[in-house]
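Peer 1: Here's the letter readout for the chains.
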Amino acid sequence: MKKSPWVFHVNTGACNNCDIEIVDLLTPRCDVERLGVKLVGSPRHADALLVTGIGTRQAMPRLLEVYRQTPKPCVVFLIGACACGTGIFKDAYHGAGPIDNVLKQEDPNAIIAYVPGCPPKPEAMISGVVKALSTL
Amino acid sequence: MIDALLHLFWILIFPGFVFTLVIGLVASWVVRKVSAKVQYRVGPPFLQPFYDIMKLLGKETLVPKDAQRTLFMSAPLIGMAGVLLLATMLWRISLAPERLFVGDIIVAIYLMVLPSLALILGSSASASPHASVGAAREMKMVMGYELPLVLAFVVIVIKTGGTLSLAAISSNVTVLSISGFLAFAVALLCMQAKLGFVPFDIPEAETELASGVLMEYSGALLAIWQMMQAMMLIALPLFLVMVFLGGFGPNVWAGIGKLVLILVIIILIKNTNPRVRIDQAMKFFWQYCTLALVVAIALAIIGTSTGLSWL
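Chain order of the listed sequences is X and P.
Note that our numbering numbers the first sequence so that position 36 is 36, with each residue one more than the last.
Note that our numbering numbers the second sequence so that position 56 is 56, with each residue one more than the last.
Simulated from the structure, these hints should not be mistaken for lab results.
Relax, there's no trap hidden among the hints.
The list that follows gives simulated cross-link-like pairs (lysine-lysine, DSS-like), each with its CA atoms no further than 25 Å apart:
1) X/Lys2 / P/Lys33
2) P/Lys33 / X/Lys3
3) P/Lys33 / X/Lys38
4) X/Lys2 / X/Lys72
5) X/Lys90 / X/Lys104
6) P/Lys270 / P/Lys140
7) X/Lys38 / X/Lys121
8) X/Lys38 / X/Lys3
9) X/Lys121 / X/Lys3
10) P/Lys33 / P/Lys270
11) X/Lys72 / P/Lys55
12) P/Lys258 / P/Lys33
13) P/Lys37 / X/Lys38
14) X/Lys131 / X/Lys38
15) X/Lys3 / P/Lys37
16) X/Lys72 / X/Lys3
17) X/Lys38 / P/Lys55
18) X/Lys131 / P/Lys55
19) X/Lys72 / X/Lys104
20) X/Lys2 / X/Lys121
21) X/Lys90 / X/Lys121
22) X/Lys2 / P/Lys55
23) P/Lys270 / P/Lys258
24) X/Lys2 / X/Lys38
25) X/Lys131 / X/Lys3
26) X/Lys104 / X/Lys131
27) P/Lys270 / P/Lys283
28) X/Lys3 / P/Lys55
29) X/Lys121 / X/Lys131
30) P/Lys283 / P/Lys140
31) P/Lys65 / X/Lys72
32) X/Lys104 / X/Lys2
33) P/Lys270 / X/Lys38
If you're wondering where the values come from, they're calculated on a predicted model, not measured in any experiment.
I would like the entire structure built from these sequences, with the hints used as guidance.
Peer 2: Written out as structure tokens, the structure reads:
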């Protein structure tokens, strides 16, 4: 798991900025494949979920469904200020609460890691992934 | 008793499971590394495929609620068994051709269909819409490439004087003639489709089907699929080497060179082509490849009947 984290990308109502930065991770400049990271297309193959966005009321049930479909043990990475704590959308009518609270209600033992920033740099995400996996 | 143990050793350890798996995982590292180099990346470390398999074996295995449980669990094993038998047979023939062995080319063709069949079974048992689209595409692909593949072997059988034994076929270098080269080129493209590589990775199509046929597999079952694909990465090029390039042995280094050559051609095709649509793939295999092979068969018949071996 430390040597080959496969990641699945979930957008829960992000403005796409964080998503573009995640795609940047796979470009030749950062090349996370040298660390064994692979972007997979199905949550069943994933070890880590990269969650972006504030978790809108529409997206939250889907996020929980994806989380249930992911084989455990898995790590949830909250990428960006919105995912970490709703950011500038605090108390917005369309938000379903901070994602980490909802995930903790679904599964009290969920492993959650935070990468703040708006959007976080690819380097920050790599550092977050390394830190989270080295504490496991 | 000793004989049975020896057979078990062949299948499970030396030319069979462990040996092929290790080289297959190394080959899948080569695929990833060369792809990375083509894209100006660094690429994964040498042991990456081994880490992946170890990790998958240690993870939870989820079975979808609506899935047909028995079939879902047994399909990877069926595919694995097929590749395992194929690999053991091919290695035995190429390493010890003097031993009596019914190395029929027909058996090899049958065994090569098993992994695709298992993929179709497993994905249609998993009760997922993505996987069922993937299964439908895989079925069409099998129908598409089996015809040219069998025709390519027919060319070789004609050229080597009607023998169906792999050991006898692999003593001739059949690619050094017009019809042999045509058959080799088409068989290489069919292998590309069998391995599920771009441009024929339509059943897996990561971008549109989210890895399609393997979508619902997780944990140890996914690890078995990965191991099966790694072993196919060795068994299928080895088969091509035996049929077209004059066999693996007796010079082991030449054999390894031929194997790597085929692997590199496959990887370069993979990295320089976009994915085609399913109808384009069918058209490609049934019209162009089959036409080329009909010409090749005619040339081979003329060549053998008039004694012109370069035709």
